[in-house]
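Chain order of the listed sequences is F and G. Sequential numbering of the first sequence, starting at 1, is according to the numbering used here. Sequential numbering of the second sequence, starting at 1, is according to the numbering used here.
Worth flagging that the hints you see were computed from the coordinates, not collected in a lab. A hint or two may mislead.
Said to hold, decoys possible - Short derived list, chain F residues pointing at chain G, Cβ under 10 angstroms:
#  : residue
1  : 119
2  : 125
3  : 126
4  : 130
5  : 132
6  : 135
7  : 146
8  : 150
9  : 172
10 : 229
Claimed, not checked - Okay, the calculated beta carbon distance ranges per label pair:
#  : chain 1 : residue 1 : chain 2 : residue 2 : range
11 : G       : 272       : F       : 121       : 37 to 43 angstroms
12 : G       : 65        : F       : 116       : 47 to 53 angstroms
13 : G       : 113       : F       : 76        : 56 to 62 angstroms
14 : F       : 49        : G       : 113       : 40 to 46 angstroms
15 : G       : 176       : F       : 23        : 49 to 55 angstroms
16 : F       : 202       : G       : 126       : 36 to 42 angstroms
17 : F       : 215       : G       : 209       : 56 to 62 angstroms
18 : F       : 50        : G       : 112       : 34 to 40 angstroms
19 : F       : 50        : G       : 113       : 36 to 42 angstroms
20 : F       : 117       : G       : 209       : 33 to 39 angstroms
21 : G       : 172       : F       : 222       : 39 to 45 angstroms
22 : F       : 221       : G       : 126       : 48 to 54 angstroms
23 : F       : 68        : G       : 107       : 55 to 61 angstroms
Predicted model, so just to flag it, every value in this text is computed and none were measured. Cβ coordinates follow ideal geometry from the N, Cα and C atoms, glycine included.
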Amino acid sequence: MTLTHEEISAVALSVKVAAWATVLVCPLAVAAGWLLARRDFTGKALVDALIHLPLVLPPVVPGYLMLVLFGNQGIIGKWLNEHCGLSFAFNWKGAALASAVMAFPLMVRSMRLSMRLIDPRLEGAARTLGAGPFAVFCTITLPLALPGILAGLILGFSRSLGEFGATITFVGNVEDETRTLPLAIYTASHVPGGDAEAVRLIVLSMALSLSALLASDWLTRRVESRLGLRGQNA
Amino acid sequence: MLELDIRLQRGGHAMAFAIDLDEPVSGVFGPSGSGKSTLLHCLSGLLRPDSGRMVLNGEVLFDSAAGCYVPPHRRHIGLVFQDAQLFPHLSVRNNLLYGYRRLTAKQRRFELEPVVELLEIGELLERRPGQLSGGQKQRVSLGRALLYSPQLLLMDEPLSALDERLKRQILPFLRRIRDRAQIPILYVSHSLDEILYLTQTLTLVDQGHIIGHGAYLDVLSQTDTAEIAEAIDLRNLWSVEILQNQPGHGYSIARLGSERLILPPAPVDTGKTITVGVRAAQIALSRQRIEGITIQNQLPGQIVRVISRRHGALVEIDAGVVVVAEVNGKTVEDLNLRAGDVVYCLIKAQSIEYPDC
């Protein structure tokens, strides 16, 4: 089947938005995952709950909050617009921000789990061999958590591909700017006689998500065997 | 060398360790759960005591009063874990060099090649830890700690995860490290036999406290708790020179001090020196030399002391070398064994082992 301009635009935009969202939030998610997996501090439960909030709130709520904070008249949005020339209003950057916020908890969960599975005594052994906390993180924790981190990235990417509620609330449904695949499907399904178009988009959406998940599985296996974590009697 | 006086709470138990350690190699012995590992973790810095003070070679590592706490990566104290804890994502070579690479050239006292040779792990360098057997892992782990040139080497039951056969394979490597590396070692084990193989200095730990420290017979004569009485299976270790070793004879002759010893066929050539072991419980004592008996070794000696234990007694005898025999309490009474008495130590040739081989 040949794709129409609208379909190509929706797919390309979805991939761009999801990729940016994933890349942006990755370092934060790794840091937050490490903090929750390896550190005890007062208020940890609260931090944990706050991080997970976007996962359990109706997506409209974070979308609306972002509109208030990051819109051109919002406290942060206004400052960013004036000082960095960065605007999130009704463009793809806003869509990426919305996806990032919604994907964050899922990615943190994946990172935290992968780090908790690492025997803390390995990190202890590294400490007794002269590695400071940062060196231990870079040479032991991070490489051993890599399969989990990659899985988290793909999970975040897939979640971003499907992001709908927060995006439409925050940056609307603007063709070529914020109309990602889910929004395009929503639009098509609301146009009389748009069912065929909606089905085509749905097939595209499924193919994209499925490829992401298969890629994730392949990548994780490759990394695990390169790290020596797979297929051994250890 | 090491001054220690620390207190901490661990799993609802109050622990307090106080000791001044000067011996190059000391064995820390105690039942499981007595706090031996906790002690090592405090020394390495992985665990911070609640209060107290810790000084190693004049350097203050911990002083709660002064608010001083040196983190583990600045202590230069090596720790060998029970289960090796090799980094699974690094090759054996990179595991070995992990600490080495963090030293300046001046701080390095060992190089990769001699250590690899000492531990016989040259074949393994490019492998991943997942491809190693338990004994190989533990040897790599020893090498990794050595290459960091620690000023103190802590070993936390390094053999307990291995079976008997592997233990016997690794023990000689520990001896080699002791003899060639010149690093003070604190060796934790719940096996007195392992400890005595490496050192005669014993530090006794029980219920979160150090209850004895010194030459092992002194320590054993001063303490007699049920756990320790049960755990003890003493073995004499002597260095002997093989005098005669003819294949086909079924036995060898060796010199022990000024006496001759008949042993099972020796695994080394005539003229070589080798370690032999005899369990204290396998040695019988007699007032006079006995003729017409199948026991061929009868070493004359003088009783140094009789140490009463919960189950029987340990008799320390000076027969040119120190001989420790374990006898039951009734024998001591019946024979009226006392310090100064002359006795013969009866040792069956078959009871003599070669622990290094």
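### Message
Under the constraints set out in the numbered hints, which ones does this structure not fulfil?
### Response
8, 9, 12, 14, 16, 18, 19, 22
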